Amino acid sequence: MNSPIAEYSSPDINKTLTAGDGPHSTNGKTTQISEFVTKAGGEDRDKPTEASDSQLGQLRAKITSLQDNINVFLTQRMKQVKDEGDIERRILDDGVDEDSD
Amino acid sequence: MTVDLDKFKKPGKDYYLALGLEGSANKLGVGVIKHNLGQLSSENRAEVLSNVRDTYITPPGEGFLPRDTARHHRNWVVRIIKKSLVDAGIKGTDLDCICFTQGPGMGAPLQSVVIAARTLSQLWKLPLIGVNHCVGHIEMGREITGANNPVVLYVSGGNTQIIAYSRQRYRIFGETLDIAIGNCLDRFARVLKISNDPAPGYNIEQMAKKGKHLVTLPYTVKGMDLSMAGILSYIEVLAKDLFSSNPKKNKNLIDEESGELITPEDLCYSLQESLFSMLVEITERAMAHVQSNQVLIVGGVGSNERLQEMMELMVNERKNGSIHATDERFCIDNGIMIAHAGLLSYRMGQINDLKDTVCTQRFRTDEVFVSWRDD
Amino acid sequence: MSLDYKLKISIPFENNNQAEIAGNSLRPDPILKADEMTVDFSTDNEKLICYFQGVSDRVIRVAVSNVLDNIKTIIECIEQFEG
Numbered sequence: 001m002n003s004p005i006a007e008y009s010s011p012d013i014n015k016t017l018t019a020g021d022g023p024h025s026t027n028g029k030t031t032q033i034s035e036f037v038t039k040a041g042g043e044d045r046d047k048p049t050e051a052s053d054s055q056l057g058q059l060r061a062k063i064t065s066l067q068d069n070i071n072v073f074l075t076q077r078m079k080q081v082k083d084e085g086d087i088e089r090r091i092l093d094d095g096v097d098e099d100s101d
Numbered sequence: 001m002t003v004d005l006d007k008f009k010k011p012g013k014d015y016y017l018a019l020g021l022e023g024s025a026n027k028l029g030v031g032v033i034k035h036n037l038g039q040l041s042s043e044n045r046a047e048v049l050s051n052v053r054d055t056y057i058t059p060p061g062e063g064f065l066p067r068d069t070a071r072h073h074r075n076w077v078v079r080i081i082k083k084s085l086v087d088a089g090i091k092g093t094d095l096d097c098i099c100f101t102q103g104p105g106m107g108a109p110l111q112s113v114v115i116a117a118r119t120l121s122q123l124w125k126l127p128l129i130g131v132n133h134c135v136g137h138i139e140m141g142r143e144i145t146g147a148n149n150p151v152v153l154y155v156s157g158g159n160t161q162i163i164a165y166s167r168q169r170y171r172i173f174g175e176t177l178d179i180a181i182g183n184c185l186d187r188f189a190r191v192l193k194i195s196n197d198p199a200p201g202y203n204i205e206q207m208a209k210k211g212k213h214l215v216t217l218p219y220t221v222k223g224m225d226l227s228m229a230g231i232l233s234y235i236e237v238l239a240k241d242l243f244s245s246n247p248k249k250n251k252n253l254i255d256e257e258s259g260e261l262i263t264p265e266d267l268c269y270s271l272q273e274s275l276f277s278m279l280v281e282i283t284e285r286a287m288a289h290v291q292s293n294q295v296l297i298v299g300g301v302g303s304n305e306r307l308q309e310m311m312e313l314m315v316n317e318r319k320n321g322s323i324h325a326t327d328e329r330f331c332i333d334n335g336i337m338i339a340h341a342g343l344l345s346y347r348m349g350q351i352n353d354l355k356d357t358v359c360t361q362r363f364r365t366d367e368v369f370v371s372w373r374d375d
Numbered sequence: 001m002s003l004d005y006k007l008k009i010s011i012p013f014e015n016n017n018q019a020e021i022a023g024n025s026l027r028p029d030p031i032l033k034a035d036e037m038t039v040d041f042s043t044d045n046e047k048l049i050c051y052f053q054g055v056s057d058r059v060i061r062v063a064v065s066n067v068l069d070n071i072k073t074i075i076e077c078i079e080q081f082e083g
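Protein chains in written order, with the UniProt record's numbering: chain W, 1 to 101; chain X, 1 to 375; chain C, 1 to 83.
Quick caveat, the hints were computed from the structure, so don't treat them as lab data.
Computed from a prediction, not measured in an experiment: that's the story for all the values here.
Just so you know, not all the hints are guaranteed correct.
To be verified - A few chain X residues facing chain C, derived, Cβ under 8 Å:
(1) LYS9
(2) GLY12
(3) VAL77
(4) LYS82
(5) VAL86
(6) GLN111
(7) ALA116
(8) GLN122
(9) LEU123
(10) GLN206
(11) LYS209
(12) THR357
(13) VAL358
(14) ARG362
Said to hold, decoys possible - From chain X, some residues computed to sit far from chain W (all C-beta separations above 12 Å):
(15) LEU28
(16) ASP68
(17) GLY89
(18) TYR165
(19) SER166
(20) ARG187
(21) MET207
(22) VAL237
(23) GLU284
(24) ALA288
(25) GLU309
(26) THR360
We treat Cβ as the ideally placed atom computed from N, Cα and C, and that holds for glycine.
If we strip away everything but chain W, and leave its shape as in the complex, we get (with noise of 0.2 Å):
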């Protein structure tokens, strides 16, 4: 098996995460430049070498996808916990009643 895998657990789900179908590369979503020196007009000029054509160069770019996967699937878990938590205070605390017709 030639492909990084990660397995997640928790107390509610468990998941396998994979590095995709690709096509892979060195220059992840989720490890650009910081949005703020763009936006303050400064170009990337750090990107990551583009993967080689070689085993551990193909490893590189699966890696960046499959940390890209990562990253988008706990960011969005916390963001669901974050949503619920914030749903339960609205009817908690603003006396809300979310299923009122």
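Given the coordinates of chain W, work out where chains X and C should sit on it, guided by the hints.
Chains X and C in isolation, oriented as in the chain W frame:
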């Protein structure tokens, strides 16, 4: 000096080669240095085989944050190491050791670099040497200028210290009580939205040369130490008022003699004059204290010509006074100073096990045992 | 607090030697807030196994991304400088 620097030499080899990796702030530096056997002296100087550097520069008005700085170092470190080996004309396995900045500095950037150091150490089967960034500056300054035992003024974005050697320690005689002078200058540059290319301090220096009117700023020397946060706050307010719709409302912004409005160039000029005067005073105090007449200026701010000029005026009034400074290859953060200081440690048998290669943001200059000197 | 959020990452190198080198390069650095998270590095033949256990998804995400960044540096070093 009777320290034996060759107790750990390899049989059949009459020189040492060290790789140095520096990444404590926004400069990533890699260098290869060569020491011949025997004591370092004017007849036996260290040789710089390569000195490569790449700087992470942010847009005007912005500072560099750990996250993006670490990303810069991570993504450039392999390329820069490769270039340094090519420039030096050597293979990794020709080296005797791998030296890296262990601290002080920014945590994430330091870590980005040590990861590469640890990996190369295992690939090439070479020992690792953790180096104190300040000691790197000091030893490189001594080697390049030949100043053997000066009072050292170390001034950079992250550090402001007056140091003197005594009994195998570089002891701190005076320092900033709050921010470093380079940090003060850099933050003021941001307020004025001065370009960070090649460095904010350099651009302030050029503007200061065009300044004509001196604005009075707080003077905050405190015994052997100095404080700069108050001056920064004060001058930031002046700058903000200068760019407001009615700058003349602030009387401090009007030059007494001409009645003209102060310019940003005047502010740069005044800030430098104030800060540098304070540095001159505490340096002089340290020189009197240790009875030395030699000054060595190291660190990025040391490349400022006005600072060198003001220090020279003070030093020349002392009997046999001399001032020493290196050029931007060595006073701005670089890998060769780490290779040099690290190689001195290596030659004394001081190496780091892997588990002792954790980087640290705070690492006092006087924590280092200077085993390679016994004067 | 119990470390109920776990992520086990498996990275396949070319051989066990490379996986060992990677583990050795990652292991020295302590994790901040050790009571909120632990990381364990081990090898299984040519694979490097990184086992994260934390008190929340948030704590795990930061550590995982940082370690993966470092692993990419290690791989780039091995690729460019091995042999």
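Quick one: work out the minimum CB distance from VAL237 of chain X to chain W and report holds if it exceeds 12 Å, violated otherwise. 23 Å, holds
Cβ separation check - MET207 of chain X to all of chain W, threshold 12 Å: 21 Å, holds
Run the C-beta distances from THR360 of chain X to all of chain W and say if the shortest one exceeds 12 Å. 25 Å, holds
Evaluation of the interface hint that places LYS9 of chain X against chain C, nearest CB under 8 Å: Violated, because the Cβ-Cβ distance from LYS9 of chain X to chain C comes to roughly 25 Å (cut-off 8 Å).
Just double-check GLY89 of chain X for me: nearest Cβ-Cβ distance to chain W has to come out over 12 Å. At roughly 23 Å from the nearest Cβ of chain W, GLY89 of chain X sits farther out than 12 Å, so the non-interface label holds.
Measuring Cβ to Cβ, find out whether SER166 of chain X lies farther than 12 Å from everything in chain W. 42 Å, holds
Identify whether the interface hint at THR357 of chain X stands, where standing means a beta carbon of chain C within less than 8 Å of its own. Holds, because the Cβ-Cβ distance from THR357 of chain X to chain C comes to roughly 6 Å (cut-off 8 Å).
Can we keep the VAL77 of chain X interface hint, with Cβ of chain C closer than 8 Å? Given a least distance of 7 Å, the restraint on VAL77 of chain X holds.
Is the interface hint for GLY12 of chain X satisfied, with its Cβ closer than 8 Å to some Cβ of chain C? 23 Å, violated
Please verify that hint: GLN122 of chain X, Cβ, nearest Cβ of chain C, below 8 Å or not. Given a least distance of 5 Å, the restraint on GLN122 of chain X holds.
Go through the hint on ALA116 of chain X and say holds or violated, using the shortest Cβ distance to chain C against 8 Å. 5 Å, holds
Per-residue hint verdict: LEU123 of chain X, partner chain C, C-beta under 8 Å: 6 Å, holds
In the structure shown, a violation is registered for the earlier hints numbered 1, 2, 5, 10, 11, 14, 15, 16, in ascending order.
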